[in-house]
Amino acid sequence: MADSVTTRTPKRSLKTLAPKQSLGKTILQYKYFYLMVLPVLIWYALFSYAPMYGVTLAFKTFNYSEGILGSPWVGLENFQTLLTDPDFRKAFWNTVIISLMKLVTHFPMPIILAIVLYEFSRTKMKRFFQTILTFPHFISWVVLSGIIINILSKDGIYNQIIMLFGGDPNSPLVDESAFRPVLYITHVWREIGWDSIIYLAALAGINPELFEAAEVDGANRFRRLLNIAWPGLKSTVAVLLILQVGQLLTQGSSFEQIFNLYSSPVYSVADTIDTYIYRTSFTIGGDFGYMTAVGVVKSIISLILLWAANTFAKKMGEEGLY
Amino acid sequence: MHRKKIMTLALCITLFASVLTACGGGNNGKGQAGSNGETSPNSSNSTDNPYKDPMTISLGFWDADAEIANLEKDPIAKQVLEKFNITLKPVNLSWDDYTQKIQMWAASGQLPDIFAIDAVGTQYQRKWVNQGVVKALPDLSKYPNLAKYFESPDIKGLGVDGKYYTVPRRMFPSVDWSALDRMVFYRWDLAQKAGITKEPETWQEFEAMLDAIVKSDPEGKHVTGLTTTTTKMLGGFFWLYGNPVATSDGSGSDFKWIKEDGKFIPAVFSKNALPALQNMKNMYEKGLIDPDIALVKPAESYDNFVAGKAAALLSGGGFINLNSDMYEKRWKTAYPDKDMTESVKALKPLIGPDGERSHSIFKTYWSESYFSNKIDDKKMDRIMALYDYVLSPEGKDLLTYGIEGVDYKLENGQKVVIEKGSLNEKYPASRFLKNLVAYETSDSYNMDNPTIANEGIRKEAVDYIDWIQNNTKVPEYDIRLTYMSTPTKDKFTVLDHDDLLKIMLSKEPVESYWNSIVNDYKAKGLDKMIEEVNEKAKEQGIE
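So the protein lines, in turn, are chains A and B.
Residue numbers in the first sequence follow the working numbering, run continuously in steps of one, and reach 1510 at the last position.
Residue numbers in the second sequence follow the working numbering, run continuously in steps of one, and reach 528 at the last position.
I should point out that these hints are in silico values taken from the structure, not numbers from a laboratory.
None of the values given here were measured: they were computed from a predicted structure.
Treat the hints with care, as some may be off.
Unchecked claim - Mimicking EDC-like on lysine to aspartate or glutamate, the simulated pairs with C-alpha atoms at most 16 Å apart in a straight line are:
| # | chain 1 | residue 1 | chain 2 | residue 2 |
| --- | --- | --- | --- | --- |
| 1 | B | K492 | A | D1343 |
| 2 | B | K294 | A | D1343 |
| 3 | B | K271 | A | D1356 |
| 4 | B | K476 | A | D1273 |
Chain B extracted, bound-state conformation (with noise of 0.2 Å):
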């Protein structure tokens, strides 16, 4: 009997005390998030080698995990971290999910030291800023790359009472290249078959061809017409018809103003508005515009339209996307004997109502780099130090051509590749870790460049962009009006794909369905951020 009672007593105990670890068991974030490491501020008095204490930096990132993991394989990128003496410790972050990852981090205290998300103009971003979860960057000064690198316009006007909180990840020089970040591309196999003999060059030349080919389905699969990636990008094309300042990039924040009857007003809710609309319902009530647009997901959307299911795709990251995401993973597998580029097409920015080629038009950027509250200055300078290696020619340089001498030669000031093979597989991380910093993906778009492996693509990529530069213009903007911070602006959004595919399925006809949802904009404030923004623009001197 006594026995018993002493092995209760046991089993009680040790149900007590895995209660007790697991509710000690769920500390991992915090390991990670707010901890400095193997740092030791004071453990080091050398003045010869400022790198010489090693330093855990803990970085969400996308697939962080898998691309850390890399590092081990890749000669570079070890080389870089080793110079600035840091090892990484991932913090995983899916597309899926890193935007509430990162929010309940936030509010939890556990932000890795860096980590990686697309936030400016955010209601979050800007408690970040103001309530001291992100640490603001050092005087740039002692970074001669980063400081250059925040003379850009749009990068300089991030900042928040002269300080700035975040790098962001620069993607082109000028808003002219965002015409890269929402491309249609059109199936010019089927347009042929189909009896179309010249490539679209107005709204009303890339129906008829769209037409032709939903009508005749050449190859009998039941072709849609156009269809994207995902339905966050139908704003960067349907509103290029008259209205292109009106393009977001979906975040709901990054709206642009524009002067309309002497005021400053969103240009969504232009005049030019209604025309747009009312093209894009035509477009989807003549059958032109794939009827599940609003189901797509990604990479169904790819498989659509290579297996010629789809007779064009609106879809974002340019001809870099075109060639992974189309030609790699798909199209060399699916047609080995047929060239991609001669079956498919980029549509050149049609010709609108106005007479003019308008594109896309958002920053010049996408995602930031932020950092926590809780890292010290002595890590905040070894991280700045490394952003500002990447930044530098020489950083830039290695991790896109590589080894000098192995992987390429200089010869009468241009570079020639010399690596045969693939430099992604070679060096498997020194993209992730460019990135980390800055995309600069418009080192990509010129023939001397292996990231677009495919040598055609890349011709027309080169091309494209050349064009774009010579025949198109950006209208005008002011940028700062975008930036500016007001009561009910800072609440304010406006996620104008969502409006736009509401109206696309509706049955209603456009205008009275356009009308009530201005007014529901009304309703949340939207004369109340009008008046606000530009009561601040005249105090500002902004005409």
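For reference, chain A alone in the conformation it holds in the complex (with noise of 0.2 Å):
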């Protein structure tokens, strides 16, 4: 069964064709494809790795006429401020928050979706439901926000119900106990639909055959889904699942999503790393060296998480990333 999961098939089969030679003579062999791939190499020694000299400016303070490399250099300073700053302590605690809980409401529902999607039998709703859902992910958070902001105004949807139920009209964008979930609910909204597709694929790749012996055999629906559905499913879960908590703080604690939303009411509640060094560079004026030093924690954090997940990942039996 595991065998009509084709990811690692080829990997396999490429391996034991492979005739033992040396790099170099691979390399020559394949000097055009490996032509091919230089412009890559250096796009991303110019753009990704050449920039990474900025990291420096965590144990500096900035110096505008010396720039990042002529700037002096202060040790661990920044890094110690960071441990006595109240504002970094409350933005690194939401983002910790924030992402985890998004994990945790949004991972489990783009599966679920795809799943009751390939489950539809009428090929026409699957498609009017997948479009559907998938049409908000296309929408910029900053019209999104204006549409939600909205819904959850004094005048608006949102509090017309809670009104006509005898309640009281509150905005729960602005309320400290409403907002995070507000954030949760609003992102799987979002993107349920777009992460469903590479599970819809994964599933689309399961022999139907499997299904239909199933069938003959008497499996109902739910056996179904559990004994042939999720194996198949399972070694895409582990990667994405990798692949999401490696940009847990960035992605997680989305930038987009929080800034449009926010407003000072609630910054104890849903001010992130990447909300804080916003304002405090741009807005307050901080030291760009600082502020350096706080996504460089930021960081060194999603390295542990990515490390924890790939771990993770090989004992539940799946490959990993690396």
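Make one complex out of these two single chains by using the hints.
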């Protein structure tokens, strides 16, 4: 059954078929292919790796006239300041809570949706729902936030329904206890359709004969899901989980979403590391060195999370990313 | 096969070349920024015309593209620039991102020759000065109008070690005029329909009027109480209840200091803060403030006010904005037969608990011109000459009233407008050129001045500022303490409008929530800053 999941098979066969030869010879043999990769490598070197020298700023205090390289070193001073900064502490915990909660509330949703859509026997309906649910992904947070604010404002649909049932109108966007759930719900609403595509593709890759055979053997719908669909999805789920965890602190605490929806009454529960860096750097005018140190801390945490997720995936019996 | 290899190689080379081209293409800003344009300092030896050499000056200004494109259609602005042989090269800034853009350009050495921003008192502005990002102004004795401009106390106070690094855009001749910067307009027509017969003079009367409008909802539009165009303005109104020196422009760095219990403290943290906060909270809880106030956007707020969905609006820009943003853009289309001045009134400063009529207190200027340190002295001289001319009586008259004999004439020393049409349409870039140097908004509060085009609104405007000057007084504070630099103060910001909003919407009692906010400020060094400022004030003999 597991062999029906095709991702591993070609890799294994490549390994067994490839003749043993030195790397130099391989490069020489496929020189034109390697030449085609060269621009991409140069691009990465120039735009992804070269700018990383900017990380040194975390150990410096930025001087406008000297630039990044010429700015004076301050050792770990920026990191020490971090530890005593109450706003950073608040932003740090908000980032962790919001990211993890988004992972918990959102990650299973596209899988469930994909399975539900896969079970839809009518193709037209399946396409209709898939289109409807994918559509919000293509609207930017700037536009979406306008729509959400209108829905949740005093005259919006939300409060009209509340008033219909005799409740007092209030906007969850300015309520500390309600703001985070709004983030989770709107995030699921925007991304569920788009994120389910990859799972639908994985489900489509399962041999339909397996389902038919199981049906003939008397397996009910739930059994078929559990014994055929889930094993077919498992490796995809593992890879996507690792990727999501790796990006948890950036995409999980999505800057665009929070920045466009939040206001000062909810800073205490909504200000994440990204929004904090932005506000402090550009609104208040904090030191770029200090802000880089904040960014570095965030990257280190992301790295640890990525490593943990990869280890977890391997423990699950999957391959992991490395 | 051989041909195939050549094709592959050609493809690779093309890809490689395109990557290199892309790498080289990102210097647009740089081309504009540090460039000295066609300046050739050694090319002219002429002494008769100091502006013989043409000069291109890059300019970072709000909507610079559109403003500079208008120069071609404006004979007056063209004439001024030709006089100094200057071509302006736009570097666009938008209202949403100007602070971020300029900070990024400053960090990457790509600043335009001239750029506009409101940065006085911020940490980054201090660094620009100390670290040589911005150029110091030359000796102003050569530019008499500019020198005179720097005599105003709060502009003079901007000097650093005897040098100036910025030309602030002055709006008003004195702090009293700040009353125009945070104004509350209210729907008098709705108030009358709700049974109110007297214009409010005290906070209680104002609340009673809002209450009557909200409760009777005369037009059935679910009218709300007071709203604002941006939450940054909240302090400009609510601190007026007994703590007016706490009013701030929203930058976080312009907080003013008062002496309380023998030492200087930021007025926001005065004993008078709590009653002002309590008053605001009471208004909110009584439903007299828009429940969506935290989420307001300027255009929507103007729309709601004009549509009769908000009883009162706190906004900036005084009567000039009332004329442009409300009357021109909205009112005259929505109510062509209704005189706006009959329906909308400006709230006069209310009598507070201290028996005083207080208005907001800011600086006499808003935003400043800075000059990149990369420009040479010759270019700086040309820019200063242009600025000096725009500030001169001749330049001011030309850019405000147009051409004498064509657009206006002088009768008994008074200017009489001849041109019947809009001067803004006839000379679409003149105001921009004037604003580049100074707003001089106060000039518009004159019945002879055509800036506020609606004569009814102009009359209200002139009467209002006259009334302010006769009936209010500015409480005492020392602007030198606001400008003072100490290690903790340089990094300290007081975003009081955020605090006000938090208190307004919080479920916690005002006093305990305010105490927790003050404790947060203490954790960021409030006490240390107060100590440093008092010590330095003592050293400088400020009592």
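| Is the Cα-Cα distance between B/K492 and A/D1343 16 Å or less? | Answer violated: B/K492 to A/D1343 is near 22 Å, above 16 Å.
| query | For the pair supplied as a hint, B/K294 and A/D1343, is the alpha-carbon distance within the 16 Å limit? | reply | Between B/K294 and A/D1343 the Cα gap is close to 11 Å, so the pair holds against 16 Å.
| Keeping to a limit of 16 Å between CA atoms, is the pair of B/K271 and A/D1356 held or broken? | The given pair, whose Cα atoms are some 14 Å apart, holds under the 16 Å limit.
| message | Between the alpha carbons of B/K476 and A/D1273, is the straight-line distance 16 Å or under? | response | 13 Å, holds
Comparing the model with each numbered hint stated earlier shows that hint 1 is the single one that does not hold.
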